[in-house]
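Peer 1: Sequence:
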Amino acid sequence: MSTTRWGNEPDATMRELLEIVGDIVNWVDGRVEAVHISLTALSFHVTTQADAEYLARRLRLGHVSDFPSTFERGAFTLWWGAEWPCPLFQVFCGGEMVRPVRAFPDSDARVIEGELVGSEAA
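Just so you know, we're using our numbering here: the sequence shown kicks off at 169 and counts up by one.
Accuracy of the hints is not assured; some may be wrong.
Stated by the list, open to error - Computed Cβ-Cβ distance ranges for the label pairs, DEER-style:
no. : residue 1 : residue 2 : range
1   : P268      : T181      : 32 to 42 Å
2   : R267      : T181      : 16 to 26 Å
3   : H213      : V266      : 30 to 40 Å
4   : V193      : C254      : 30 to 40 Å
5   : R183      : P268      : 34 to 44 Å
6   : F239      : T181      : 17 to 27 Å
7   : G190      : F239      : 17 to 27 Å
8   : R183      : T238      : 31 to 41 Å
9   : V266      : M182      : 28 to 38 Å
To be clear, the hints were calculated from the coordinates, so they are not data collected in a lab.
The beta carbon of each residue, even a glycine, is placed where N, CA and C say it ideally should be.
Please work from the sequences and hints to get the whole structure.
Peer 2: Shown next, in the form of structure tokens:
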């Protein structure tokens, strides 16, 4: 078990993080362009708004921001959440977006494919 950085909870091991990543990628049937893994953040890059919002809803990501294109990169939308103790979850989507783009805070519990997610699921 690794050292603790957040409260009394032990940090996740890399093996645990890889298992989490595999589960999350399966939520969208593998339609993930890239995944970035560190002990402090898990980032998922998808191409469709439907997949991005589905992951954001399942992960209860309560923040969303748009980033315009620059000389170095194209425009993208980023969802992230501060509700998880560790690691930070992020979903990036560079595809076309239908406005408004929604965030999914913890209080927005929903039933998705027969599974309750959000604050009521805990």
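Peer 1: Each hint: holds or not?
Peer 2: Checked hints:
{"no.": "1", "hint": "P268 x T181: 32 to 42 Å", "verdict": "holds (38 Å)"}
{"no.": "2", "hint": "R267 x T181: 16 to 26 Å", "verdict": "violated (40 Å)"}
{"no.": "3", "hint": "H213 x V266: 30 to 40 Å", "verdict": "violated (19 Å)"}
{"no.": "4", "hint": "V193 x C254: 30 to 40 Å", "verdict": "violated (20 Å)"}
{"no.": "5", "hint": "R183 x P268: 34 to 44 Å", "verdict": "holds (39 Å)"}
{"no.": "6", "hint": "F239 x T181: 17 to 27 Å", "verdict": "violated (39 Å)"}
{"no.": "7", "hint": "G190 x F239: 17 to 27 Å", "verdict": "violated (35 Å)"}
{"no.": "8", "hint": "R183 x T238: 31 to 41 Å", "verdict": "holds (36 Å)"}
{"no.": "9", "hint": "V266 x M182: 28 to 38 Å", "verdict": "holds (37 Å)"}
Violation of the numbered hints given earlier is confined to hints 2, 3, 4, 6, 7; the remaining hints are satisfied by the structure.
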